[in-house]
Each structure stands twice: as C-alpha cells, then as structure tokens.
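There are 2 protein chains.
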Amino acid sequence: MANIKDIARLAGVSASTVSRVINQSGYVNEKTRITIEKIMKQLDYVPNRNAVSLKTGRTGFLGIVAPYFNDSMNLLLSHFTMAAQKEGYNISLFMTLNDKNKEIQAFEMLRRKQIDAVLLLIRLNEWSVLEQYAKYGPVVTWQRLDSDIIHSVYMNQYDGYTLALEHLYKKGRRKIVNLYGNLESLNTRSRMKAYEDFCKKYNIHYNENFHGIASVKNGENMAQWWLKQKEKPDAFATLSDSVAAGLFTKAQEYGLDIPRDFSVMGFDDIEISRLLKLTTIHYPIDLQAKNAFIIIDNILNNKNTPSFPLSFHLVERKST
Amino acid sequence: MANIKDIARLAGVSASTVSRVINQSGYVNEKTRITIEKIMKQLDYVPNRNAVSLKTGRTGFLGIVAPYFNDSMNLLLSHFTMAAQKEGYNISLFMTLNDKNKEIQAFEMLRRKQIDAVLLLIRLNEWSVLEQYAKYGPVVTWQRLDSDIIHSVYMNQYDGYTLALEHLYKKGRRKIVNLYGNLESLNTRSRMKAYEDFCKKYNIHYNENFHGIASVKNGENMAQWWLKQKEKPDAFATLSDSVAAGLFTKAQEYGLDIPRDFSVMGFDDIEISRLLKLTTIHYPIDLQAKNAFIIIDNILNNKNTPSFPLSFHLVERKST
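Those sequence lines, one after another, are chains U and Z. Read in order, the letters of the first sequence correspond to residues 93 to 412 in my numbering. Read in order, the letters of the second sequence correspond to residues 93 to 412 in my numbering.
These are computed hints drawn from the structure, not numbers from a lab. No false leads were mixed into what you were given.
Cβ-Cβ distance ranges computed for the label pairs, FRET-style:
| id | chain 1 | residue 1 | chain 2 | residue 2 | range |
| --- | --- | --- | --- | --- | --- |
| 1 | U | Q235 | Z | D238 | 45 to 53 Å |
| 2 | U | E323 | Z | K320 | 45 to 53 Å |
| 3 | U | D238 | Z | I126 | 29 to 37 Å |
| 4 | Z | W219 | U | T124 | 25 to 33 Å |
Values in this document were obtained by computation on a predicted structure and should not be read as measured data. The C-beta atom is built at its ideal place from N, Cα and C for all residues, glycine as well.
Okay, chain U solo, but in the shape it has when bound (with noise of 0.2 Å):
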C-alpha cells in the first residue's frame, strides 16, 4: 500500500505538507491540497488514524456532555460544534440521561485521551468529582461555577432578570410574580436578589414568588392561577420563554388580554418568543458557545485568543 512519503513524491512537496492534509491541521495551499486529495483518491490511500493519534498525542475529538437537549442546549451545540469544526475538531456528543454514571463514562474518556476536552453543559455528579478529571483536558461548563480547575462560560443572571424587572417597572408594573426555576441553583439565588434589590431600590413590598416552574405546563397552571387570585398581579417575570410561552397562550385561550390584564416576560429570546411576540431577555448563547471553543483552543494549542464580552439585553415587543 502507498504511504505518505509516496504521496509527497508523487505532489512534487513534503510529507509534512502530506500530514497536514490527513492531518486538516495547519495551513496548506487550497491547490496543493486538492492535488494531494487527489493523489490519495487515486492510490485509495486510507491513512493509519492511530498513527495519526499517536503522533499528535490528540484524537482531534472535543466531548459535548449534557442530560438532554433543549433549544438553548441545542443553540450552544450548533455553536460550538461550528467553532470546532473550523479549526478541525471533530465532536463527540454524551447524553447522559440524568445518569451520573453515564457522565462519569464520558469523562472516562477524557482521562483515556479518546477526546480532547469537555464542553460540559448541565452536570450531574459534585463538581468536586468532575474536577479530579480536569488534569487530563480541559474542562468547561455553561453553569456557574468559579474554579480555577474547571472554566466556566455562564453569565450572571442577576444583570439579566435585574434588566426585566426594570423593564417591568418602566411599564407601570409594581406587583411582579416571580417564577423561578429550581431552588437550589445558584441562577435562581441571583435572581432572588436582584428582584430583592429591585424591591429595595423602589420600595415595593410585593412578594408573591413560585419555585421549579420551569415547562410550558407549569406556566399553563399559572394562568389559571391568576384567575382565581383577588389581588390580581399585573406582571409575572419568568425563567425561560417555554414558561411565559405556556401562561401566555393559555391566558389568550381563557380570553385574557396581554399585556392589559397582565404583562409576561420571558428569558432566553428562542424561537417561540419571536413566533408569540414575547418581550424577552436576549443572552449571547453563539458567543457563549465560542468562548468555551476559545478556552479550550488556548489551553490545547499554547495560545491566547481573547473571549468575546457577553451581555444580557431587552428585546421588548408585545407582552408587557
């Protein structure tokens, strides 16, 4: 079988230049690439990839680790999938289906150097588990988390909810249902205290707060709930779109007019809120996605390619 220096023979160029097309790593010339292509073709020359792995010390491959996806998940995948690829990663994808053992599996990989570096969306297992594997790859999560062993791409949200509840405000609204997500998450304590400084800031004392609604059916059972309170309140501020997606369709069903009777704030800024005209908080998720490529990028290849700066802002249009 033809090997490479063969094929540098037969393109009249180096074998390194030959490597670097097998390799699609660093720059070679669009013409001589095609010719080497071709030459490949030709000889049906099909590379030994271990020897490949083997030389480089990498796999090429860059994990993405999540329980499930869901649009946003899905955004930052596409994202991040894109960034790698431009720079020739290849990505491996791990459901882990709210199966710890599962993610411990994909970090496994990590450690076996049958990928890269993890891009980990939404954990299961302690940090302090996860981290024991940051010192085979680097490691990087959309949540929030401050450490020095596993980087993190998150945005405040405290900047992001406080930039709806003003909005709210602007709009006359001083009796504001908050509908957070889980508890325990360090994203809903942001939340928590900036609508506790909102209330600070402009003296309101109204406090009517949901926990752990977070699905379209939650929102749903909220519409309802309004219906039957006497003291209506005249906005709810929610934790994603699906959620003031579901309380604000279910109000139209029982006839309500939005933003009259009640205005509704969604989060996120994902396709169902510009198909339902939901004022919403917009979040760089394609910036967030690169930033984590970025991180990694650096940490692989010795470099130092600055991040993007991330920002929250209002996109308002007909719910509040």
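Start from chain U and add chain Z according to the hints.
Quick look at chain Z alone, frame taken from chain U:
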C-alpha cells in the same frame, strides 16, 4: 504501569472479563464490574485506546451528519444517540453547514475507519458520490431513497398528507390551499400526488398551491395573502408545524378566527403545535431513529433485530 493481567489477578477474574469492562462491551456482573473499576482507579490504569481499537477493528463511534439541526432533527439526534449509547457506541457529530466538502470530510472519516457508520440526515452531495463510501461501513439516511447501497428510514409522505387532507374534508373543507416545500424533493412530489388523488376521489377542482413555503415567515405571509383573496380558501395544508405556526399566529394578529375563517393543518407534531393547539400529523421520529440504529447495529454485528413498523397518525387539536 499496571496492565490488564495485574487487574484481573487483583480482582480474581479473567483478563477477558477485565477487557469487557474496559471496552464496555458484553455482559459483566454488576458487582464484578464495580470491583474491577475500583482496582483500575486505585492503580490509575489508563487503557491504551489504540490497542482497543486495533483489537476490535472498530472505533465505537457512529457519525451523525446534517447541514444544520432543527427541532425534528434534534429529536432524531437525541433518540439515535440514546439507542447507540445503550449498546456502548459513542456519537460523533458533523454539521456540514451546506458545505459539500464538509460532508465529504465526514464520509472520509468512515473511509479512514475513524467512525464505524454514518447516519445522514440531509445530504448535500449527490447520492452517487456518497454511495461510494458505503463499502467502508453502513450508511443510513433519513431522506427518501430507494437504494440497495444506502439504507433509508424515510416514511412515505403520501400517507401522512392523505391523512391531513381526509381530515380537512371531514371538517367540510373543499377549498384547500397546499403549502408545499421544495419542488425538487421527492416528499413534495408525494404530497402533490396525494392531493391529486384526493381531488379525483372527491371530485374537487380547487387548485391553489405554493412551493418553497418552508419557514415561519413564509407562513406569516400566507395570512396576508388570504386577506387579499376575493374567493377565500377555507383551509391550508402545510409543510410543517413551523409554517402552520407562522400562519396561525399572524391570522390571530389580524383578528381572524381560526378555524372559523379557515383551518390550519400542521405537520410534524413538534412542541410548537402542542403549544398553539394546532391540528397536525404525527410521525414517529423516535422509531425512525431507533430503526436507523437497528440497521447499523445489524450490519456491524451480524444481528437480525427487526425494525419497528412506522405509521402516521392524526393529532386533532383546535386549528381545524
């Protein structure tokens, strides 16, 4: 460094049992597995990945290839990943971004034995080009294709679309506008044939059709179109729930009453149709994904697992 034999001796089992645990293939008693893993951890044993690959002749990676990922495709991705992981495979993800070369790169990985098989959601290159790669490993597609070389898990849209038309007929609709997708696609041809046969069956001569109506925005524009018509159609059959959602929400914005003014029929049964209470056609993406994996697994491991039967069904909600 410790090797497999050391671990086997310490665990009091055979080397092949240890190997099964390392390769995550074949049955190992749960208690034994835990013991072996504990010993491997104590010794900080990292198996030689390349040795594993050389022994099995497999990488354990299955590639999923698509130009982008929309809601339906994400569902397919999730279910395929779950099925594959259950049998010990890992998933490698390729977003081709409408770049034919990127698609070829993914198939080149099949040729180089960096992945064991390919699930192709939407192709970019000609089938004749891609078929050349099928000799290196199983290739399955979600798209409609009659080929002995590349396998397909498609469903004949004729049946699904007929279900939709029959439902509209039952609701008294006789002036149905067809919002088709890409005129070139075999799916569109099937739907056009279904409408043709439907018209013959019921002696209907209404014939108002649009092509390339594939996005939310396209759907929205159709609401405006309806307003302008002198002879109003009484129903729209659409390519997808996204198109139906655009049409439905825009019609509501114009103060129209759906389905009094006209019926809106979705297709796909994705989240948005549940949220907006759109009548739609459900098809089992989960089973298509499972069948895709079964085909691959059967070929790779000489198995004979039967596929799931696939059928459409009508989901009647409030838009018809």
